[in-house]
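Q: Produce the complete structure using the sequences and hints provided.
Each protein sequence line maps, in turn, to chains U and Z. If you count the first sequence from 1, position 321 lands on 321 in the UniProt record's numbering, and the numbers rise without skipping. If you count the second sequence from 1, position 256 lands on 256 in the UniProt record's numbering, and the numbers rise without skipping.
There are no misleading hints in this set.
Treat identical chains as interchangeable: a pair holds within one or across any two.
The calculated DMTMM-like cross-link candidates involving lysine to aspartate or glutamate, where the alpha carbons are at most 20 Å apart (straight line), are:
#1 Lys188 with Asp92
#2 Lys28 with Asp198
#3 Lys329 with Glu24
#4 Lys87 with Asp177
#5 Lys172 with Glu25
#6 Lys213 with Asp135
#7 Lys329 with Glu131
#8 Lys193 with Asp170
#9 Lys172 with Asp29
#10 Lys188 with Glu25
#11 Lys68 with Asp177
#12 Lys172 with Glu24
#13 Lys98 with Asp183
#14 Lys188 with Asp29
#15 Lys221 with Glu131
#16 Lys28 with Asp170
#17 Lys221 with Asp154
#18 Lys28 with Asp183
#19 Lys28 with Glu194
Derived from the structure by calculation, the hints contain no laboratory data.
Number of protein chains: 2
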Amino acid sequence: MANDSDMTAKDYYFDSYAHFGIHEEMLKDEVRTMSYRDSMYKNKHLFEGKVVLDVGCGTGILSMFAAKSGAKHVYGIDMSNIIVQAKQIVRDNGLEDKVTLIQGKMEEVQLPVDKVDIIISEWMGYFLLYESMLDTVLVARDKYLKEGGMIFPDKATMYIAGIEDAEYKDEKINYWDNVYGFDYSSIKQIAIKEPLVDTVNGDTVITDACAFKDIDILTVKKEDLTFTAPFKVTAGRNDYVHAFLCWFDIAFTHCHTPVTFSTGPHARYTHWKQTVFYTPSTLMVKAGDTMEGTIKCAPNQRNPRDLDIEIDFQLHGDQPSGPNHCEYKMS
Amino acid sequence: MANDSDMTAKDYYFDSYAHFGIHEEMLKDEVRTMSYRDSMYKNKHLFEGKVVLDVGCGTGILSMFAAKSGAKHVYGIDMSNIIVQAKQIVRDNGLEDKVTLIQGKMEEVQLPVDKVDIIISEWMGYFLLYESMLDTVLVARDKYLKEGGMIFPDKATMYIAGIEDAEYKDEKINYWDNVYGFDYSSIKQIAIKEPLVDTVNGDTVITDACAFKDIDILTVKKEDLTFTAPFKVTAGRNDYVHAFLCWFDIAFTHCHTPVTFSTGPHARYTHWKQTVFYTPSTLMVKAGDTMEGTIKCAPNQRNPRDLDIEIDFQLHGDQPSGPNHCEYKMS
Numbered sequence: 001m002a003n004d005s006d007m008t009a010k011d012y013y014f015d016s017y018a019h020f021g022i023h024e025e026m027l028k029d030e031v032r033t034m035s036y037r038d039s040m041y042k043n044k045h046l047f048e049g050k051v052v053l054d055v056g057c058g059t060g061i062l063s064m065f066a067a068k069s070g071a072k073h074v075y076g077i078d079m080s081n082i083i084v085q086a087k088q089i090v091r092d093n094g095l096e097d098k099v100t101l102i103q104g105k106m107e108e109v110q111l112p113v114d115k116v117d118i119i120i121s122e123w124m125g126y127f128l129l130y131e132s133m134l135d136t137v138l139v140a141r142d143k144y145l146k147e148g149g150m151i152f153p154d155k156a157t158m159y160i161a162g163i164e165d166a167e168y169k170d171e172k173i174n175y176w177d178n179v180y181g182f183d184y185s186s187i188k189q190i191a192i193k194e195p196l197v198d199t200v201n202g203d204t205v206i207t208d209a210c211a212f213k214d215i216d217i218l219t220v221k222k223e224d225l226t227f228t229a230p231f232k233v234t235a236g237r238n239d240y241v242h243a244f245l246c247w248f249d250i251a252f253t254h255c256h257t258p259v260t261f262s263t264g265p266h267a268r269y270t271h272w273k274q275t276v277f278y279t280p281s282t283l284m285v286k287a288g289d290t291m292e293g294t295i296k297c298a299p300n301q302r303n304p305r306d307l308d309i310e311i312d313f314q315l316h317g318d319q320p321s322g323p324n325h326c327e328y329k330m331s
Numbered sequence: 001m002a003n004d005s006d007m008t009a010k011d012y013y014f015d016s017y018a019h020f021g022i023h024e025e026m027l028k029d030e031v032r033t034m035s036y037r038d039s040m041y042k043n044k045h046l047f048e049g050k051v052v053l054d055v056g057c058g059t060g061i062l063s064m065f066a067a068k069s070g071a072k073h074v075y076g077i078d079m080s081n082i083i084v085q086a087k088q089i090v091r092d093n094g095l096e097d098k099v100t101l102i103q104g105k106m107e108e109v110q111l112p113v114d115k116v117d118i119i120i121s122e123w124m125g126y127f128l129l130y131e132s133m134l135d136t137v138l139v140a141r142d143k144y145l146k147e148g149g150m151i152f153p154d155k156a157t158m159y160i161a162g163i164e165d166a167e168y169k170d171e172k173i174n175y176w177d178n179v180y181g182f183d184y185s186s187i188k189q190i191a192i193k194e195p196l197v198d199t200v201n202g203d204t205v206i207t208d209a210c211a212f213k214d215i216d217i218l219t220v221k222k223e224d225l226t227f228t229a230p231f232k233v234t235a236g237r238n239d240y241v242h243a244f245l246c247w248f249d250i251a252f253t254h255c256h257t258p259v260t261f262s263t264g265p266h267a268r269y270t271h272w273k274q275t276v277f278y279t280p281s282t283l284m285v286k287a288g289d290t291m292e293g294t295i296k297c298a299p300n301q302r303n304p305r306d307l308d309i310e311i312d313f314q315l316h317g318d319q320p321s322g323p324n325h326c327e328y329k330m331s
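A: Written out as structure tokens, the structure is:
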């Protein structure tokens, strides 16, 4: 597994992204792809005769949805080599007159038009913001979107709740206490700081969900993505809290009837799953107890691709906790 | 997901490998880890008072097994930052007098000893040879292993068989014929060339298994890892063949009683799973029919981390096929 290649990370990125595996996973995520499809196919009145920009077009599926919805022309931008395949796919579907794909960075490419009517983009990462392309969408919006133009989707909401997760915490965190008879507890300290992207059963959620961050894609600024948000959740039953769980919902509010989807634990599986943040100690909660605090998100200073997340909270109830401070890093 | 970091691939490699996730997967692979453990704990007579070299030591688990088996001293080498954690783990287990870990490339580090008695290494990749560290083990062997020294493990055998796999082939290959109403068949041509690492149920195997490559780690040369090997398999029942399946077995032949493990479809799960090579056409076979040909493996000329694999074969039986030539690339 060792290698001494002098290929740059950029090459690596290009290469690995050109693998169709990640695109296969995204395409086969029907909750995701069919929401985008419905937002366009069921709203042709919005796309008829319009100029559309697809930010991070991948294999071109959203661009082709837009073209089939009556768009006058669709421009798709992607920096990855997957665009070579995407161009072939567009030709194979006879859409080369309607869909123009351009390889490059949004910040650098020059579109053949000054402005577009609609921006479409699937930019969401794990925990919404990890390795997300939202920054790129904002660049595209500020440079190309016509006054009064639309963005699909245009709203994202982030949620937090408390979960019971003893079994998996044992497997992921406490495992390191004894590895084939050896003390690996130094890794435990690292493991607990690493949020876990995984599917969580809805039954494990023992508090209500608190929407801690609303993002309006039409107006949000890059600075708004570094934030500290308050939250408060209330336990619905007597149980133990081992972790906080985060997820997000997405909405296309311009549609004739609502098109939305959730990546939450009570909704159908998506490839984004949910994100688990283990708390160092286990909390004993009674129905009606509240956990109140703040969640802070910021790109890591040294490596802006990484995301620093801090959760500060207190438990109010029969057995109140002192202040808890938890630090996490998605990398 | 776009990024313009100028981090080199080497940094990327170091960083990503330092993530404990991959090490967690390997440690939790009990077939793997307990085979290594048994090869040492049950053979202390071989390790007593010996100097041991662990090539690609990761979190240091094999080094610690060797120390606990009575080794006089163990040197562990790894180029990844995981070694920082490994050193802490060795200290936490009070083995710092017995185990010395050194970060660096095998080709470049200088051990404090001229020769070692035993080399231990878990170097195997998917399909045995993909991103494997065997080259590095051979460098270590030629530079450091004492005349008459031992290597753990010292034998690897690669197998091939024919499998029925209609359902999964539909999902992985034929899927591209119609993606939400669009023709994505250009990706199908790429998908079929990409071997699929996945677990395959033993019931799908419809031929016997042919051992096409034996590797004796004590004597193999780097050149031997580029090879063309003949194979012949015989169908055990009437069925359809959709793919060839490859896997490998590993043996520690110096042990008092045999320590071996298999990554085959009839054996217990390992993180190596098996590797599936879809044939472009589906073959109709009758019990007793044979498929005969050659399998060729070579590092890709442009990127030696990638593996080029070619399978040439003919079906002999009631409905014989003409010559089939299939090309694959693991990357």
